[in-house]
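A.B. asks: Below, each chain spelled out in residue letters.
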Amino acid sequence: MFFERYDPLKQEMVCILAPDGSCNETLRPALDEQQVRQLYQQMWLLRLYDRKAVSLQRQGRFGTYAQMEGQEASMVASVLPLQPQDWLVTSYRETGAMWMHGVPLKLLSLYWMGNEFGSQMPEGVRVLPLSIPVGTHPLHAVGLAWAGKYRQDGSIAVTYFGDGATSEGDVHEAMNMAGVYQLSCIFFCQNNQYAISIPRHHQTAAPTIAQKALAYGFPGILVDGNDMFAVYAVMREAVERARRGQGPTLIEAYTYRIGAHTTADDPSKYRDDAELEEWKGRDPLLRVQRYLQQSGQWSEAWEQQMLEACTAEVEQAMEAAAAVPLPPPQDLFRYMYAEMTPQLIEQEAALLASLQHQGEGHGTAHAR
Amino acid sequence: MALRTLVEAINDAMRCEMAADDRVILMGEDIGREGGVFRVTEGLQALYGPQRVLDTPLAESGIVGMAIGMAIAGLRPVAEMQFMAFLYPAFDQITNHLGRMRNRSRGRFTCPLVIRAPYGGGIHPPEHHSESGEAILVHTPGIKVVIPATPYDAKGLLISAIRDPDPVIFLEPERIYRAVRQEVPDGLYTVPIGQARVVQDGTDVTVMGWGSMMREVNQAAEVMRSEGVSVEIVDVRTMSPMDVPTLIASVAKTGRAVVVHEAPRTGGLGAEIVAQINEKALLSLQAPVERVTGFDTVFPLPQLEKYYLPTTERVVEAIRRVLAF
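Chains as they are written, first to last, in the working numbering: chain X, 399 to 766; chain G, -17 to 307.
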């Protein structure tokens, strides 16, 4: 119903929960009190994780990290309607979506600490390693969705990307092919207004990203990405459509990156404080807190306890990742092919001999 | 057994492997109803249906990117690029995803797929239809690169490629697609990836090549034989991972070597082979290794083509130089 009722060409945006906590009850999705509080808690966990990650990066314990503060609702509420058999194919700012779909925080942290084992997903978790080359990965979701259709296994594929990615040719090819083959593929664009320093209006002259779907022959919709209820409601409808074999959809979640592009970026160079403050007023967490307060489901004691639990979980995950021993040099070569090629065997032997010569032990435990 | 051209042998490999394994899916531009611009997939859509022989939109990066997702989901896509030069839009997918997925997921996700592309010059086509980019692909970690030179090898190598647990780029020498017929078994058989083939034993000089250049190599060897020179001919067949021991054993035996390829000279695989010989057989050499190659130029339009492509005469001259050193 949302896809029929909201016209992206008229820039109509699905909004259910306002920044002041007031809620359009007729549109509110059927989430019970427990679920709402859980989503709120999950958003907080992500925010605390994000802040901790930045702080660890500053201490030299994390590599360059892509921040997600401000985009929590867009991630937690969009993954909620998915099933374990569904595929998630993300970019680098969707750590939260990956976690929601079953990737442990410890693994995500291990990745950002610089260990490939952070992308070795647990058996059965259908999340591809996050993709750095912008806009290239939605095609993989198209292939996964094609395989799901071929096998009729009931799975769907969801791919996340940013506003900048929509300028990339591969995103065009992905949406075009998903449309041609009528695949159960959901394109979820987190429009956070900037691709590093380039504002959204420099990416496309189209008034919305959502309207691009129409050119590919499937529906697109614009949704308030900082509104957990709206994101969930729209995504649930997209998932139901896909599950019924009604083809792809494009969702543009209108949100904002509160932090920098990555820990290597300084956003004060390209955006002003007034804009940032305005968006902080539309914070996705704050509006749920207000909603809970107004509906009598919130207490300071509960929030305190909840935040402590989240902090503990984040700390524990980071510590577990930091405790993973450094990989041996052999790991460079071991995973290139099912069987190491003669060239790799020769190159590995040369490296190990050189390391031995230099007096660095290998194959033994390494100091971190 | 039947006499088959290279095109027929490749078609037969796909037909047999599709019958044996319903995970094998063909995809590409014009490969279905049309049977491909070179008719390599002719008849296969009629046999296996549009679900397994996909006519795709005109989107090379899209084809390879989609095939990556299909392979991760457990299928065995065989994607056709219409010509090697049109593989370049997909190079981002090949180098940034295809060759990396196994490694970056530490073995959790793999891409067992094949990309087929006609390559090389000699058919007087429009621009962008004659490229030999094998060195670019070999320089891309995580993929395998195979170039057959005979119908028998083409069928056996393609079946190996489809069954390989890792991505294989299968370059088909378009100039000899229909040039020769050879006895090719009807059923399933494989030719292993990673093994060069000694086409002819010899004692005086080793001449190595691959793809359509094997014709010039064979002809040059024939010319030299009439002059009493014994040429050992090696068809490299697998560009990556290259069968270095076979090449080195041959050079160690003959002490002289010529490498022939139609790809541009600088940074070509001839340079890699010379480096391997330098590392592993330097003291066996009686003469510097010669390269007979294309030039560091754009592949020309048809009127200049004969000057670009290595000829039998150029190979013969190189053999004479290494013998006379």
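No lab work stands behind these hints: they were computed from the structure. If you're wondering where the values come from, they're calculated on a predicted model, not measured in any experiment. Incorrect hints may appear among the rest.
Label-pair ranges, simulated between beta-carbon atoms [to be verified]:
id : chain 1 : residue 1 : chain 2 : residue 2 : range
1  : X       : GLY461    : G       : LEU40     : 36 to 42 angstroms
2  : G       : GLY31     : X       : GLN409    : 40 to 46 angstroms
3  : X       : GLN754    : G       : GLU295    : 49 to 55 angstroms
4  : G       : HIS110    : X       : SER595    : 34 to 40 angstroms
5  : G       : PHE307    : X       : GLU521    : 57 to 63 angstroms
6  : X       : ALA613    : G       : PRO227    : 53 to 59 angstroms
7  : X       : THR709    : G       : LEU40     : 50 to 56 angstroms
8  : G       : HIS110    : X       : ALA428    : 55 to 61 angstroms
9  : X       : GLN756    : G       : HIS110    : 21 to 27 angstroms
10 : G       : GLU295    : X       : GLY461    : 53 to 59 angstroms
11 : G       : LEU286    : X       : GLN483    : 52 to 58 angstroms
12 : X       : TYR668    : G       : PRO108    : 56 to 62 angstroms
Chain X residues, not near chain G, derived (Cβ > 10 angstroms throughout) [to be verified]:
id : residue
13 : THR424
14 : LYS450
15 : SER517
16 : GLY546
17 : ASP568
18 : GLY694
C-beta atoms are modelled at their ideal positions from N, C-alpha and C, and glycine is treated no differently.
A.B. asks: Each hint should be assessed against the structure and marked as holding or not.
C.D. replies: Status of the hints after comparison with the structure:
Our hint of 36 to 42 angstroms for X:GLY461 and G:LEU40 holds, since their Cβ atoms are close to 39 angstroms apart. A C-beta distance of roughly 43 angstroms is found between G:GLY31 and X:GLN409, which places it inside the suggested range of 40 to 46 angstroms. Look at X:GLN754 against G:GLU295: about 51 angstroms separates their beta carbons, and that is inside 49 to 55 angstroms. Between G:HIS110 and X:SER595, the C-beta spacing of about 36 angstroms keeps the proposed range 34 to 40 angstroms intact.
The beta-carbon spacing between G:PHE307 and X:GLU521, approximately 60 angstroms, falls within the hinted interval of 57 to 63 angstroms. For X:ALA613 paired with G:PRO227, a C-beta distance near 55 angstroms keeps the hint of 53 to 59 angstroms intact. One distance hint, 50 to 56 angstroms for the beta-carbon pair X:THR709 and G:LEU40, holds here, with the actual separation near 52 angstroms. Under the hint 55 to 61 angstroms, the C-beta atoms of G:HIS110 and X:ALA428, about 57 angstroms apart, fit the expected range.
Taking the beta carbon of each, X:GLN756 and G:HIS110 are about 49 angstroms apart, not inside 21 to 27 angstroms as hinted. A hinted range of 53 to 59 angstroms for the beta carbons of G:GLU295 and X:GLY461 is consistent with their spacing of about 57 angstroms. Between G:LEU286 and X:GLN483 the C-beta distance comes to about 57 angstroms, which sits within the given range of 52 to 58 angstroms. At roughly 45 angstroms, the beta carbons of X:TYR668 and G:PRO108 sit outside the given window of 56 to 62 angstroms.
Here X:THR424 stays apart from chain G, with its beta-carbon at least about 39 angstroms from theirs, past the 10 angstroms limit. For X:LYS450, the non-interface assignment is confirmed: its Cβ lies about 24 angstroms from the closest Cβ of chain G, beyond the 10 angstroms cut-off. Not every CB of chain G lies more than 10 angstroms from the CB of X:SER517, the least distance being 5 angstroms, so the non-interface label is violated. Residue-level check failed: X:GLY546 sits 7 angstroms from the nearest beta carbon of chain G, not beyond 10 angstroms.
Annotated as non-interface, X:ASP568 brings its C-beta within 10 angstroms of a C-beta of chain G; the closest such distance is 5 angstroms. In this structure X:GLY694 is separated from chain G by more than 10 angstroms, as the shortest Cβ-Cβ distance comes to about 46 angstroms.
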